[in-house]
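Please construct the entire structure, taking both the sequences and the accompanying hints into account.
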Amino acid sequence: MRAIDTDTDDSDIIYYPSPIELSKVLRDDFSGYLESDEEVIVLAKSDLTVNERGISYGEEHLALTNKRVLVIRDSAITKEFRLTDVSSASLRDYLSTIVLTLNVRDEVVSVMTLSRTRKKQFEKVVTLINDITLHKIPYNMLKKHLFERVNLQKEKVESNRSVLVKLFKFVKPLWYMLLVTSLLSVATTTMNLLPPYLMKVLIDEVLIPRSNLGKLLTIILALLGVNLSLTILGVLRNYALLKLNQRLAFRLRAKIYEHIQLLSLSFYDKFSRGAIISRIVDDVNRVLYFLTQGVSMIVLDLAMIILVGIIMFSMSPWLSSIALLPVPVSLIGTAIYRKVMPKYYHRLWRKWSRVISTLSESLSAVILIKTLGKEHAIVRRFKESLDEFVSSNIEVFKNEQKFWPFIGLSFTISNLLIWWLGGLQVLTGALTLGSLTAFVSYMWSFYGPINDLANHLRLVQQVTVAGERIFEVLSTKPESADKPDARDLKIVGGVELKNVWFTYDGIHYALKDVSFKIEPGEHVGIVGPSGSGKTTLTKLLLKLYEPQRGNILIDGVDVRDIKSSSLKRQVAIVMQNPILLNVSIAENITMGKENATLEEIMAAAKAARAHDFIMKLPEAYDTKVGVYGGRLSGGERQRIAIAAALLKDPKILILDEPTSSLDALTERDVTKAVDNLTKNRTTIIIAHRLSTLRNVDKIIVLDKGTVIEQGSHEQLIRTDGLYKKLFEAQFADFLEERKKRVLLRG
Amino acid sequence: MSIKEWVNKLKILDPEDVKVLGARIDTIDIEVNGVLYTNVRLKRPFPYTHPECLILYDSNDEEVGILRDYRKLDKESKNLVERVLEVVYFMPRVKRILSINPRGGVYEWVVDTDKGLIKFKTWRSCARLLSNGKVIIKDVDGNVYCVENIFKLNSRSQALLSIFI
Chain A
52 MRAIDTDTDD SDIIYYPSPI ELSKVLRDDF SGYLESDEEV IVLAKSDLTV NERGISYGEE
112 HLALTNKRVL VIRDSAITKE FRLTDVSSAS LRDYLSTIVL TLNVRDEVVS VMTLSRTRKK
172 QFEKVVTLIN DITLHKIPYN MLKKHLFERV NLQKEKVESN RSVLVKLFKF VKPLWYMLLV
232 TSLLSVATTT MNLLPPYLMK VLIDEVLIPR SNLGKLLTII LALLGVNLSL TILGVLRNYA
292 LLKLNQRLAF RLRAKIYEHI QLLSLSFYDK FSRGAIISRI VDDVNRVLYF LTQGVSMIVL
352 DLAMIILVGI IMFSMSPWLS SIALLPVPVS LIGTAIYRKV MPKYYHRLWR KWSRVISTLS
412 ESLSAVILIK TLGKEHAIVR RFKESLDEFV SSNIEVFKNE QKFWPFIGLS FTISNLLIWW
472 LGGLQVLTGA LTLGSLTAFV SYMWSFYGPI NDLANHLRLV QQVTVAGERI FEVLSTKPES
532 ADKPDARDLK IVGGVELKNV WFTYDGIHYA LKDVSFKIEP GEHVGIVGPS GSGKTTLTKL
592 LLKLYEPQRG NILIDGVDVR DIKSSSLKRQ VAIVMQNPIL LNVSIAENIT MGKENATLEE
652 IMAAAKAARA HDFIMKLPEA YDTKVGVYGG RLSGGERQRI AIAAALLKDP KILILDEPTS
712 SLDALTERDV TKAVDNLTKN RTTIIIAHRL STLRNVDKII VLDKGTVIEQ GSHEQLIRTD
772 GLYKKLFEAQ FADFLEERKK RVLLRG
Chain G
8 MSIKEWVNKL KILDPEDVKV LGARIDTIDI EVNGVLYTNV RLKRPFPYTH PECLILYDSN
68 DEEVGILRDY RKLDKESKNL VERVLEVVYF MPRVKRILSI NPRGGVYEWV VDTDKGLIKF
128 KTWRSCARLL SNGKVIIKDV DGNVYCVENI FKLNSRSQAL LSIFI
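So the sequences go chain by chain: A and G.
Residue numbers 52 to 797, in the working numbering, belong to the letters of the first sequence in order.
Residue numbers 8 to 172, in the working numbering, belong to the letters of the second sequence in order.
Treat the hints as calculated values from the structure; they're not laboratory data.
Hints should not be assumed to be uniformly reliable.
Straight-line distance between alpha carbons at most 20 Å, and here's what the computed EDC-like set of lysine to aspartate or glutamate pairs gives [said to hold, decoys possible]:
no. : chain 1 : residue 1 : chain 2 : residue 2
1   : G       : K16       : A       : D700
2   : A       : K667      : G       : E69
3   : A       : K644      : G       : E12
4   : A       : K667      : G       : E12
5   : A       : K675      : G       : D146
6   : A       : K667      : G       : D65
7   : G       : K18       : A       : E650
8   : G       : K11       : A       : D726
9   : G       : K50       : A       : E650
10  : A       : K667      : G       : D148
11  : A       : K667      : G       : D33
Derived list of chain A stretches under chain G, where covered just means 3 residues or more per stretch with a C-beta under 8 Å from a C-beta of chain G [said to hold, decoys possible]:
no. : stretch
12  : 656–666
13  : 672–679
14  : 693–703
15  : 721–735
Glycine is no exception: its CB is placed at the ideal position from the N, C-alpha and C atoms.
Okay, here's the thing in structure tokens:
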């Protein structure tokens, strides 16, 4: 019985499916079911079905048209909902199943069941249904956006097919180096053909006749010459290969690194740090090995097979035909291998990625692990991931053994046949002993490359997978890339959000219809419970993400129309836990302004109240701060970040809970630094602690992604809203304590 | 306040207004625009990258001012300042590296410096290459040695040092 494949791929969700794709899921002509002006937007496949006998694996399709939601099972439409009756869609998350529900005329209807494997695909479907029903996005606008996505998907499919071609594009500028290594390979091959011939002459013309001392000396000298030439060629070839390898390594790694720096934050949401490192280190190594050693070896193998083949056939066509017998076994075996093995390699590398991820994450969270005493737990987790990797490696080995030993055996049998038949020919005098010895020697020179070629084709297999993983990163387009007509803007400081909607996952909106206005130079506090969307707001202002709907305006200009570089130059953010680079304090401060003078660096540090503690360090501004700034305390890191922001002289400043993780004394210092920083600048302060907002002009209260209140502290306290509740909750303890003291004194 | 305004608030001293009157082991006496300061300590805000820049602190640890480039002081003052800096920022200059041997997790260096032949131990991560070719080496006790320009060392010393950079 065939096992159920729970894997998923791009074919499980098809945008604007063709009539052929539709005919695969519906018995009759699909167009007969469609009304006029109705078209199928997306066709998505589920993997579970529920009927009166319970839940089981099985396919159901959902077709979303611009008018209806259709559910298809066993080639027939089983459910149908008109979008005009639907107000929203959502996914209900269970332990290992997901249920798609529709809100139909105020009643929630369960429509389909799927495993978690299909969740991502159906999140896209839910977003689409909600875009049409809940958010009322005009269909034409939606269609345009979807077409762009469909084209991107097609581009990806094409690129996967031509991974090798794309990889060779990287070698193109270094073609001359590849040519040199290939020529050296061919020269080595030609040299390798001489020793068997010399052996033949030695046996037939010197050893068997037992004469001709002069010829013996000549052959020995010739053999010495050949071996010397082979050594020199080998050294030259290795040097050329090393040079090519290093040049290519630089090009590939620099290209990937440069590319990932340009990608939006959503890329980092998708790939873990370990997965990115694995692509830059391991996959690039595999590709490099193939492009340098692999290609050269394949050229060497092919040259050897052709040249030796010609020599063998000219010596004895009959024996050569026997020698060819194991070749089809090798070719067929290799073809099956290429079909069967990729999935095992994919799995192996996924497991390795997990090992690296666990390692990298545990190192980043070393303080947390130690303080929680979770060393054993993290070691267990690491061992588990390592164990999975080992099992996967053994699985690869076991499957490899199904191919290579049998192919090797077929070559051995053929060799024995040659000795038997060739030996008979020598005994009858049809062949000289020297010729048979040379033939057998050539035969191994023929088999060697055929066997190697099969092995080297494994490299092609491995490098295709590694290349796919590399191009998966390289083909990710920077989402927040500037529009061609984006411009530089000299910012004054006005900020306005108009009906902004934003979602990270396409289903849960972190910001819903957010609107507010901030005048230039105004200080505004944004408060709200955890998860209310405060930090998301700052990311949108910095253009790290783009809202799905609505506009963010700076001085009346949409941020989409402003160059990212211009925006980032004039908007600064100080985070709650700033991470510094492992360079000197001075270099960290000048992140805010390249080529800052020494006076500017010291002035910024003084304003940020960092100068005094810096000067107490023996190496002062030249002190290296350690990984993530670990050699400095939280308050010190915070003040360095403020100094960097000050040096930038931003027109708009965002402070994301800058004092929330500091003790009272340090908070006082940092607060003074913040006061210096915010003077005469538009300032947005994200705050948990309402005491941080004592000097702001306006407070905006967010809850569940929506602005629910805004006004001054006094205005908000008068209304009986969330702000008042938060304020009372934070000051209740303080007031209680004060009351007690007053009573005691009284 | 803009960064320009903050820069204007710095107390930058004009070398012509500063006169060093005398020097002790690690302090100097100076006169700035006719005001006398005794027991003044010298600190380099950028000891490796801009050693010419100094901040002067009086005996109460209050900042007297910043000397952007002490080398612009009159010759006598400059010499006195340099005598104190030699002590405060003692950093033997490495002329040649004779050997570096790994021993029990640390590395034993034998180097020829402007202060003579020195033997010290370092950890694996001990050297820092600055953009101007200067290399700072710190031993296990925190003592600092410097190579003024790595490219001016002999090839053997360069090869030995390159392992740590």
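So, going through the hints one by one against the coordinates:
no., hint, verdict
1, K16(G) / D700(A), "holds (16 Å)"
2, K667(A) / E69(G), "holds (13 Å)"
3, K644(A) / E12(G), "holds (16 Å)"
4, K667(A) / E12(G), "violated (25 Å)"
5, K675(A) / D146(G), "holds (16 Å)"
6, K667(A) / D65(G), "holds (15 Å)"
7, K18(G) / E650(A), "holds (10 Å)"
8, K11(G) / D726(A), "holds (17 Å)"
9, K50(G) / E650(A), "holds (15 Å)"
10, K667(A) / D148(G), "holds (19 Å)"
11, K667(A) / D33(G), "holds (16 Å)"
12, 656–666, "holds (count 4)"
13, 672–679, "holds (count 3)"
14, 693–703, "holds (count 3)"
15, 721–735, "holds (count 3)"
Checked against the numbered hints given earlier, the structure breaks only hint 4 and satisfies all the rest.
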